[in-house]
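Asker: Input sequences plus hints: build the corresponding full structure.
Here the sequence shown is numbered in our numbering, starting from 252 and rising by one per residue.
Derived from the structure by calculation, the hints contain no laboratory data.
These figures come from a predicted structure and were not determined experimentally.
Take the hints with a grain of salt, since some may be wrong.
Claimed, not checked - Computed cross-link-like contacts, DSS-like style, restricted to lysine-lysine with a CA-CA straight-line distance of at most 25 Å:
#1 454 <-> 513
#2 454 <-> 364
#3 466 <-> 445
#4 364 <-> 374
#5 513 <-> 445
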Amino acid sequence: MADKDLYIAALEKKLAELSGIEVDQIKKNQLANASSEARAIREMAEYVEGIQVKQAGQAVAGQVNPQVAAMFAHIKAELGEERGAHSLPPLKYEYDGLEPHICATIMQIHHTKHHQGYINNLKAASEKLVEAEKANDVGAMNSLLPAIKFNGGGHLNHTIFWTNMAPKAGGEPSGAIAEAINKDFGSFQSFKEKFSTASVGVKGSGWGWLGYCPKDDKIAVATCQNQDPLQITHGLVPLLGLDVWEHAYYLQYKNLRPDYVKAFFNVINWANVNERYEAARKAAGH
Numbered sequence: 252m253a254d255k256d257l258y259i260a261a262l263e264k265k266l267a268e269l270s271g272i273e274v275d276q277i278k279k280n281q282l283a284n285a286s287s288e289a290r291a292i293r294e295m296a297e298y299v300e301g302i303q304v305k306q307a308g309q310a311v312a313g314q315v316n317p318q319v320a321a322m323f324a325h326i327k328a329e330l331g332e333e334r335g336a337h338s339l340p341p342l343k344y345e346y347d348g349l350e351p352h353i354c355a356t357i358m359q360i361h362h363t364k365h366h367q368g369y370i371n372n373l374k375a376a377s378e379k380l381v382e383a384e385k386a387n388d389v390g391a392m393n394s395l396l397p398a399i400k401f402n403g404g405g406h407l408n409h410t411i412f413w414t415n416m417a418p419k420a421g422g423e424p425s426g427a428i429a430e431a432i433n434k435d436f437g438s439f440q441s442f443k444e445k446f447s448t449a450s451v452g453v454k455g456s457g458w459g460w461l462g463y464c465p466k467d468d469k470i471a472v473a474t475c476q477n478q479d480p481l482q483i484t485h486g487l488v489p490l491l492g493l494d495v496w497e498h499a500y501y502l503q504y505k506n507l508r509p510d511y512v513k514a515f516f517n518v519i520n521w522a523n524v525n526e527r528y529e530a531a532r533k534a535a536g537h
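Answerer: As structure tokens, then:
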């Protein structure tokens with residue numbers, strides 16, 4: 252059985268347990284949304300396969316979009332991975348470590364299926380990029396940007412997301428990040444409300460973020476669609492990310508995204524967020 256079919260089967264079983272409703276009654280309008288990421292990953296793989304690299308001497312010269320290099324640079328900064336040498340980072344806790352706030356089934360599927368899917372596609376796009384570079388086919392290189400950005404962003408965003416959470420965590424932050432939150436938002440409660448409202452309000456699929464602006468030496472809340480990377484999209488260094496694609500919470504919270512966002516605050520690893528904040532400030536010379 253294909254990974255997507257196993258994922259949908261797991262959704263059907265869990266949904267029946269939680270709601271007592273026959274899956275067929277709601278499959279059209281909810282289950283389809285829950286499998287949207289698996290579909291997007293598959294479609295992006297097909298997109299990469301469909302890009303044709305011209306033979307050397309036939310390609311038209313031009314300028315490669317700088318976001319191609321930027322995406323791989325951000326991945327290397329986070330994971331230390333060279334372009335094309337991507338792998339699934341292990342979690343620092345068990346799949347059931349975030350229960351009862353995020354269940355083990357969600358974590359296992361999310362980590363081993365979805366995140367791995369992004370990595371597989373990113374490696375395929377990287378191989379095609381090498382082929383295009385050898386042929387000096389700038390058109391093909393730029394055609395690969397959507398795949399590199401989507402799958403590279405998926406790899407990068409999820410890697411940050413896993414480290415942003417920990418068992419027996421949550422509560423209010425301390426240290427430099429706590430001071431920054433009070434300075435730039437007025438209070439932790441004010442930040443929590445703004446972050447929650449922004450994350451709940453993401454249209455369709457995407458992410459809620461707390462990021463650092465090197466230029467202004469301030470932190471800010473922002474959102475990104477799909478897997479768009481925060482730094483490329485808004486110029487903010489990612490500190491804290493929340494995945495609000497439905498696959499991240501549907502098995503447990505169904506379509507109640509606000510409940511999922513509220514639960515997320517019980518597993519935030521503020522030590523990791525603080526470490527990221529201090530490193531970003533240092534890199535910016537503050």
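Asker: State for each hint whether it applies.
Answerer: Hints versus structure:
A hinted pair counts as satisfied when its Cα atoms are at most 25 Å apart, and residue 454 with residue 513 qualifies at roughly 18 Å. For the hint pairing residue 454 with residue 364, the CA-to-CA distance comes to about 24 Å; that is within 25 Å, so the pair holds. For the hint linking residue 466 to residue 445, the alpha-carbon distance of about 22 Å falls within 25 Å, and the restraint holds. Distance check on the hinted pair: residue 364 and residue 374 sit about 15 Å apart at the alpha-carbon level, within 25 Å; holds.
As the CA atoms of residue 513 and residue 445 are separated by approximately 12 Å, the hinted pair is consistent with the 25 Å bound.
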